[in-house]
Amino acid sequence: MIAPRPLLLEMGIYDDCFFIQDMLKGYEGVKEIYRAAGAEDRLWTDIGPSGHAFQGNKAFEFFRKYL
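Adding 8 to a residue's 1-based position in the sequence shown gives its number in the numbering used here.
Some clues are possibly wrong.
Said to hold, decoys possible - Taking lysine-lysine pairs in the DSBU-like style, the calculated list, with each CA pair at most 35 Å apart, reads:
1) K66 / K39
2) K73 / K39
3) K33 / K73
4) K33 / K66
To be verified - Okay, the calculated beta carbon distance ranges per label pair:
5) C25 / G46: 31 to 37 Å
6) I41 / E69: 19 to 25 Å
7) C25 / D49: 25 to 31 Å
8) G34 / F62: 15 to 21 Å
9) G46 / D23: 28 to 34 Å
10) A61 / I41: 24 to 30 Å
11) G46 / Y22: 18 to 24 Å
Don't read these hints as lab results, they were simulated from the structure. Cβ atoms here follow ideal geometry from the backbone N, Cα and C, with glycine treated the same way.
Let the sequences and hints guide you as you build the complete structure.
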């Protein structure tokens, strides 16, 4: 399992390959696992107004912090 390792979930709300509802449903389940592991601060999300593309709004900060 990934938890409690850092995880960034990034998605555009206009993605035409994946559905935002599925990502959010998965996120809620993963969030419970991270909470139980005492690592909720290591679970990041970046949801923005784009399609199926790299956004990078939080990625660089995430990498600087955890790599």
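Hint compliance check: list the failing hint numbers for this structure, sorted ascending. Going through the list in order, the structure violates hint 11 alone and respects the others.
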